[in-house]
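A.B. asks: The residues making up each chain are set out below.
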Amino acid sequence: MYHIDGTDYLNTPYYKKTGSVCPDCLQVITAEIYEENDQIWMRKTCPDHGDFKDILSSSAKYYKWTHYKTDDWSFEKDGEANPPDCEVTDERGCPYNCGLCPEHLSTCSLALIDLTNRCNFNCNFCYANIMKSGFLIEPSLEEIDRIMEFFRSKPIPPPAIMFTGGEPTVRKDFPEICALAKKHGFKEIIVATNGYGFQRKNGGLEWTKKVYEAGLDTLYLQFDGINDVTYEKTRGIKNLMAYKERVIENCRKAELTSIVLVATIARGITDIEIGNIIQYSIDNIDVVRGITFQPVSLCGRITAEDMQDLRITNADVIKEIDKQTGGKISIESAWYPLSTIVEWGRIISFLADVEPVEFTCHPDCGFSTYLVIDPETKEMVSIMDYFDPLKITTFANKFWEKIKKKEKEPIKFFSSLLGDLGETLDKGLNWVDKQQLKARFLLAMLQHTKKPGKLMEMFSRILIDGKWDSISAFTHGTLLISSMHFQDAYNFDIERAKRCIVHFGVAMPDGDIKEISFCTMNTFHRQDIEKQVAKKLTEKVKNEFNTTVGLRVDEIDQEIAHNGGTIKEDQF
Amino acid sequence: MAEIDPDTNLKIRKLTELKPTAAEEYQESMVNRVDYFSKQRDSTFNSFVENTIVNSLKILLDLKVKVDEMLGDNKEKVHDMIDKLLLLGL
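So the sequences go chain by chain: A and B.
First residue of the first sequence? That's 28 in my numbering, and the numbers climb one at a time after it.
First residue of the second sequence? That's 644 in my numbering, and the numbers climb one at a time after it.
Cross-link-like lysine to aspartate or glutamate pairs, in silico, EDC-like; alpha carbons within 16 Å at most: (1) K478/A <-> D705/B; (2) K654/B <-> D255/A; (3) K425/A <-> D726/B; (4) K405/A <-> E671/B; (5) K425/A <-> D723/B.
Examples of chain A residues toward chain B, derived with CB under 10 Å: (6) G252; (7) D310; (8) D313; (9) T404; (10) D415; (11) K425; (12) I430; (13) P479; (14) G480; (15) M483.
Over the 12 Å line for every Cβ pair with chain B, so calculated as not near, a few chain A residues: (16) E114; (17) D117; (18) K228; (19) K280; (20) I368; (21) D453; (22) P536; (23) D555; (24) E566; (25) N570.
Everything labelled a hint here was simulated from the structure, so no lab data went into it.
Please read all numbers here as calculations on a predicted model, not as lab measurements.
In this text, a Cβ means the ideal position worked out from N, Cα and C, and glycines have one as well.
Take the sequences, apply the hints, and build the full model.
C.D. replies: Dropping the structure here:
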């Protein structure tokens with residue numbers, strides 16, 4: 028596997044101590060991460076609630092690769108975190124002081140706003156649903172404007188924003204919200220959706236065109252598989268594949284050509300659809316840009332035995348992809364943690380003078396790979412066939428280490444001799460210096476590239492200018508596949524929480540904006556915050572989506588339980 | 644195209660079923676995106692300097708792939724040496 032085969036590190040059992048929480052009382056406790064039977068586990072003991080054990084990775088080898096360190100190689104990156112927004116008021120520290128507190132190590136790359144908790148679906152395992160909470164969560168347009176302003180005014184602003192829910196497209200002012208995000212300078216505007224607004228038989232196409240023109244760039248489309256029966260198990264709704272296809276078709280007609288399929292992976296229910304989803308994406312490559320597999324998070328009380336049955340890890344997803352693609356996307360070579368490209372991003376940002384994107388998340392948070400069709404052989408291949416990622420990443424790490432001082436301290440040769448008069452000359456000198464650095468970097472990337480072609484042409488453009496045009500065109504010729512495992516109280520690792528790059532923005536009743544990292548929001552803060560921002564639920568809103576009629580039928584029982592596990596037969 | 648799995652009764656797609664036109668569609672999708680941006684006045688795809696650099700790199704890459712083939716087993720050594728050269732003096 029990669030470059031750790033044959034090393035002592037691979038043959039030494041993995042062990043590490045970290046901070047976690049008790050799944051019962053959510054108090055911080057110490058946890059041990061250790062290797063057992065070729066798997067990686069977390070164990071912890073709460074003085075009041077006893078022992079807990081959970082699997083972190085079903086492949087010790089893969090996990091160890093993502094935690095491998097040498098002098099010039101590590102997936103654990105130091106983030107250029109923005110200044111803290113809140114004081115430490117709770118002496119227990121992270122994760123109780125979100126807002127963000129000084130302990131946070133990464134800046135936000137993707138800002139999230141929950142636009143509503145209204146939804147036309149009523150999925151058992153969803154954490155944000157009006158039918159369960161009994162109150163309405165829906166920030167006003169003015170509050171949304173302030174949240175966007177808050178994020179974009181940071182020293183390192185997030186380039187992308189995602190609207191979440193509930194189902195964000197049930198809001199009538201959704202097109203105005205997209206336009207507002209564009210006005211604030213977000214480069215990528217994304218909606219996490221089940222497809223509601225886009226699929227409507229009456230007006231769906233016109234609405235899709237309208238939101239695209241307003242600025243929406245990408246759909247994160249909930250997509251559990253290609254079989255209706257799968258959706259019946261996950262969502263309790265009939266005929267959902269036709270619903271999803273209407274979304275795809277309307278986006279195609281509206282020329283909204285950036286859809287990422289998001290599949291919640293539950294053992295025995297959607298894991299068998301993984302290959303289907305990849306194939307479906309390839310069939311629809313004109314509009315589908317990527318797939319994100321999300322192993323379902325677990326919550327509520329679960330026995331140790333149930334936990335072992337239910338838990339599915341990123342490594343399980345990767346193994347399943349390997350199996351269902353006949354080894355074409357191999358666990359042995361295709362996957363890299365998101366943090367791999369941190370140094371590349373910094374180099375491009377510095378040399379091309381563009382906003383940096385900091386993917387300094389923890390190596391356990393997510394893995395990804397690009398899939399491409401080789402124009403010569405017509406074979407589907409991993410992008411690793413196009414270049415040598417180990418070589419170029421190692422070079423990028425070394426290169427950034429040597430040039431990073433130039434970002435903070437530009438050359439001041441003429442200024443030191445001539446004072447203010449020398450500033451213009453120094454600007455020229457720095458420009459020349461950047462061009463020679465750019466040439467060196469490009470040549471290094473070139474020499475580790477294995478195949479020519481249109482795709483590599485686009486890749487070289489990203490390296491030259493770092494512009495969104497180049498990145499977007501590159502992604503239109505590839506299929507990004509990623510696996511992202513959100514934390515829950517059972518597998519919570521505080522080191523991961525501190526490095527989170529996906530942050531919610533919430534407008535609080537006192538006028539403040541709270542910035543809270545994704546997993547801490549859902550595990551610790553959501554309940555309390557929602558109580559503070561809740562609005563009264565009117566009968567009109569309550570009856571807006573009657574999920575017991577129409578597509579949904581009473582005799583269908585969802586097989587995914589409230590805790591994210593599978594409902595056993597006797598529980599129906 | 645899809646088979647029905649006898650155990651689960653689910654449609655199962657095999658990744659060997661790649662459409663013969665898939666490679667062209669990938670490329671076309673990328674080219675369409677370039678066209679979309681090219682219509683915008685300040686697009687990077689309209690930059691003469693950048694287009695010249697990209698075309699030069701394309702020629703260099705074609706050459707480099709041929710040289711790599713000729714180098715055979717010595718390729719790794721040559722690459723390591725060039726890496727060192729490119730880091731020299733920084």
